[in-house]
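Participant: Each chain, written out:
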Amino acid sequence: MTHGTNHSELFENLRLELRRGSLVLAVLAALKKEQYGYTLRKTLELQGMAIDEGTLYPLLRRLESQGLLVSEWREEEKRNKRFYQLSTEGKAILKQLLGEWESINESLRGLV
Amino acid sequence: MAQELLDRYLKNVAKVLPEAQREDILQELREDIRSEVEDKERELGRTLSEAEQMAVLKQRGNPFALAARYRQDDRSVAFGKRLIGPVLFPFYVKVLSFNLGLTAVVLGTIFLALGLSGQNVSSGSMLSTSLLQLLIQFGIVTFIFTLVERQSAKNPDKWDLSGTGGGLRFKKIDMSVDPTPMPRISRLESVSIIIACTVALIWLTGVRSYPFLILGPAAAFLKLAPIWYHVYVPIVLLTVAEIVRAAINLVKPDLVLFRQVYGLFVHAGGLLLVYYLIRAGVWVAAEQAGEYARGVAITNQLIYYGLLVTGALSGAMLVVRLMRVIRGAKGGAGRVGGTGRQVMPSAR
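Residue numbers (my numbering), protein chains in the order written: chain A, 1 to 112; chain B, 113 to 460.
Bound-form chain A, shown alone (with noise of 0.2 Å):
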């Protein structure tokens, strides 16, 4: 019993750690086009990639201080809103990580 709890607890670790590091990858690709945070949030929960809001914001400031996004706040259904969308940085740097995932996935299939 001891030993299930410690394996899932294991593996609940290491997938944790496994899509944490394709959330940027998620986030810039979802960002092709123009979203405010929540629908940002939901678009990438329907694609089975949820994210918790004090992961998503933290991380949207972060990639738009690294240039890769910009944002501009907007009125929209009444309500201030801000949208973020990839700047052209981002979309240089969106294409050169797919290579990667594409490349890391070839070699995994390779492996296994």
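Treat each hint with caution, since some may be false.
Output of the computed footprint for chain B on chain A, the stretches with three or more beta carbons under 8 Å from beta carbons of chain B [stated by the list, open to error]:
| # | stretch |
| --- | --- |
| 1 | 46 to 56 |
| 2 | 80 to 90 |
Simulated crosslink set (BS3-like; lysine-lysine; CA at most 25 Å straight-line) [stated by the list, open to error]:
| # | chain 1 | residue 1 | chain 2 | residue 2 |
| --- | --- | --- | --- | --- |
| 3 | B | Lys-335 | A | Lys-81 |
| 4 | A | Lys-81 | B | Lys-170 |
| 5 | A | Lys-81 | B | Lys-152 |
| 6 | B | Lys-152 | A | Lys-42 |
Keep in mind the hints are simulated off the structure, nothing from the lab.
By construction, the Cβ of each residue, glycine as well, lies at the ideal position given by its N, Cα and C atoms.
Put chain B on the given structure of chain A with help from the hints.
Facilitator: Just chain B now, with coordinates in the frame of chain A:
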């Protein structure tokens, strides 16, 4: 979602956010929470219950922990392993700054008096005294915060269910009668005060037996005047009173008026002590009668000016606090206990 509940949550988030981005982050978080609540309400075809609204906030976690994730500096204290995490770190710095600042002022006064009176104190002695004092303060404050960190790490979700961990507590109020957000005293603020006062108590206990802790190298030829032994017990009692107040507010953070009135009495007590101290006229004396007359006179003169400034500032602050209490009482003292009934309007 009830504006009051959301405001209270965001107010706690704001305390730990980096100042430059605070408003921006809060606006975005507010929008995200409102969107989520609206989404859930649309899905259910009704407004969310109190418990469901709490669940939305609970899912986001402790407001201080949430805010700490926005801090890219990830400030913490570690000695091998992490002792104080980014959530407690800003409060740790506040308490430490206060305690170290106070120690520095006391030491500065002593060294200035020694210098002006021409006493020969080596720079090595000054340095070792300062370092010892600062290390004692640093050690005690860090130790207590480490214990608090360990305790809060054991109960990360306690903040919103029992109302004893992170400054948020659901309280029923009638929004249709009184839409003003109900103020709360941050629990971390209460914890910080308890820690600062406990350190002060330990220090006070030590000073009585070891005047070196306050006089530094001057303890070799100076001693505290009798007035300090007369006011020692009242000072300890006032410090304990402040710890008791903070402990009560830790358990009951909505007792804002209680804190204000209680604080008024403690403050008045402190002012009375300053008055008695000023009246004494002598605060340090030579260890051997007749020696170091010039040093004693200059030290007493500096303490006198320090007490006058303290008394004037403290008096002005007391008047401000008194006016605040009177305004609070006029503006609805009954509300500040939180006894009403809740109507939760939807954000829509």
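Participant: All the hints need checking, so say for each whether the structure fits it.
Facilitator: Going through the hints against the structure:
1. 46 to 56: holds (count 4)
2. 80 to 90: holds (count 3)
3. Lys-335(B) with Lys-81(A): violated, 65 Å
4. Lys-81(A) with Lys-170(B): It holds: about 23 Å lies between the C-alpha atoms, which stays within 25 Å.
5. Lys-81(A) with Lys-152(B): holds, 19 Å
6. Lys-152(B) with Lys-42(A): With Cα atoms ~12 Å apart, Lys-152(B) and Lys-42(A) stay inside 25 Å; holds.
Consistency note: the structure conflicts with earlier hint 3 alone.
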